[in-house]
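Below, each chain spelled out in residue letters.
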Amino acid sequence: MAPFATGRTGVETGMPAQGGPPALPLVPAVRRRLVPGTAVQGVAAALLAVVVLFALIGPLAWPDHAVQNLSRFLEAPSLAEPLGRDHLGRSVVARLAHATQLSLMMAIACVATALLAGTAGGLIAAWRGGWIETALNGLSEAFMALPALLVILIFSALANGDLWTLYAGLALSQWVEYFRMVRARSALVLAGPAVEAAGLLRLGPVHVMRRHLWPDLRPLLTTMATFGIGSSILALSTLGFVGIGVRPPTPELGLMITEAFPYYHEAPWMSLAPVLVLTTILIGLLSLRSKEARQ
Amino acid sequence: MSMRLNHLVVSHADSTLVDVATLNFERGRPVTIVGESGSGKSLLAHAIMGTLPANLTARGSLAMDGRTFDLSDRANRRGLWGRLMSLLPQEPALALDPTMRAQEQVAEGAASFTADSSGARRTAGTLLAALGLGHASRAFPHTLSGGMAQRVAFAAATIGGAPVLIADEPSKGLDERARTELAGLLKLHLDGGGILLTITHDLDLARELGGDVLVMKDAHIVEQGRARQVLTEPAHPYTRRLLEAEPANWNHAWARRGAPPEEGGTALVSGEGLSKAFGGQQLFSDLSVTIRAGERVSLGGPSGSGKTTLGNVLLRLLPPDAGYVHHADALRGGRLQKLYQDPALAFPARVVLWDSFGDVIRRHRLEPARLEELMASLGLTPALLNRRPGQVSGGELQRLAIIRAMLLEPALVFADEPTSRLDLITQELTVACLMDQVDRQGCALVLVTHDNALADAVTRRRIPLGIRDLQPQDKKAFARRKKHAEVVM
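Going down the list, the sequences are from chains A and B. Position one of the first sequence corresponds to residue 916 (our numbering), numbered consecutively onward. Position one of the second sequence corresponds to residue 498 (our numbering), numbered consecutively onward.
Since the hints were made in silico from the structure, they are not lab data. Positions of the beta carbon are idealized from the N, C-alpha and C atoms, including for glycine. Don't take each hint at face value.
[Claimed, not checked] Looking from chain B toward chain A, a few residues come up when the C-beta cut is under 7 Å (computed):
#1 G831
#2 K835
#3 V848
#4 D856
#5 V857
#6 R860
From just these sequences and the hints, can you work out the full model?
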């Protein structure tokens, strides 16, 4: 390895790289200035943190979301049961905690899968071109032509509404946007003089990936992923709401809203609680997103 | 009418960017401000127009037709735009609205546009036809050549009949013929009894316009007088320095003027029977080129003649339609390097320069001290490496690009218009740095340039290119399309 192998860390800390050029005085470089977010973004982050904590700790604190106690149906909120009990006497807060955890985990898994698959496909298509690009492009266009809901429905029908079918359906309907964005953007970067110069300097594909493509794609991907998590959560609860998502008795935000609607007059907290969680997550993500977009 | 500028001071925080006592403008008499980038000459133009960036403050007054305007108020001249004063912007190809046809955007500038838009369109059509653009009035800006876009921008700036025209670096990016055309247009405005203020670093344009020349340096006007006098017998040392920086007046050890062509070494690049066409137009056909070790060759010709394309074919970055290109083994492993017209595009835009250079040094196991040594000999401070390419000036970045190319001790450097975006003094410094390194390393140089004086100063052998069998307009339109195609590719 050349003596400079740790050059990057050297710049990050503002110290001469280990064994690097001792005589080259490096002014401490501020690589990524931490821009203090606005008050709105602080509040958004705090709200999201509360929801995530609830999703992580809630299921441990209230593990029994399926225990029925019909004698206590539609019980009003109390200290022991902060959100009361539903029409089957189940603890609403326990169901809400499990539902939030499910939604967040599903959304993160779907977005991560779609992002990885779409980015990999887009990079391969832009870099290799030729028949690989034609094939991947055709595939992405086929998916664009299908409504996302139809893809999810087909998958649900295949395996009778298991969780993994929802995951696969959501991921499949989302990878296309990552693929198309990454392909278009990388093709532009790869055709530019900077990459041509890197080729003449014989810097190799790792350099092109790390210095040219990744810095260019990173802000776009973060923005898209933040937005994607929000839309996945919304899609999942929409499916639950219309009754083709997660099957009862698994708690799910959309499903909880549907189940609570008939009792809205007697127990409004039952339907309002999942609505509040959904709204908080979406507002939090959207307010954070504006920060990403400005970078 | 006449215009008079009194005690203009433009400042940012504590630094003064423009400080000019009094300037008089008369009808029919051009005033040209020359100077290097950063001297404040463009800011002067924008202070008069009222288009200064909001973080700059201006003081002073502008007297016009018996009315006096306070220059510290940016908004009070807005009502004059188009009718009394107008600006011909830099790089008109970028200033024109890409989604509007030429005639439409020219018509918008007419005073009667809101009341009678079809009448304004007719006026715009007549004006464009008078400028020889009748056939292009329905064209979108991206299909126009630099010279044609300049004429459309001129029509848009003058359709309102404004007697005061301010041209900000109007010749940037234009080749010699387009520049002569531009000077003709500006004289047209003067002949109509207009006031003309031109901001440029192009001394040839200043010569062609005549009238008064003002030399600006570090916010101040250091010399003024008749163009003929200032540009032939300069009194101020800075003006002399400016004139010496013109390639025709260079006097360097590496200058090749009058020297015999180099004795050919071994052939590094040999192209046989090369042909290339773009968009159905033949750029060159059956062309054979050999570049030998240690040689200095220039590729010349007007814009759109295929200079860059031939270069890319010779570098094997672009396949020729016919013929083949052979590279000697001496060019392997990165010993063939290229310098770009816009160095900001030649570095990865979002990482600090240190990372770009670190990768080169690591990949080729170079001695880091070599970078330090090169930076010192090209007069650059190491602190520059902590910036991103966009945060470094064009001249410094081009010198960094030279360093990057020279780190690999190339056998051949291909420089594609490396200084066409730089002012004269920066150009001389940059070329001096390049030639110093070329001399020291004894490598071959291919210089692409439309500037004959520069080619003569640096190289001895020329490969002229030109398109035959084409109407001038087609050539330009074609050149523009070709550039577009290269961008989309």
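Hints that the structure is at odds with (numbers, increasing): none
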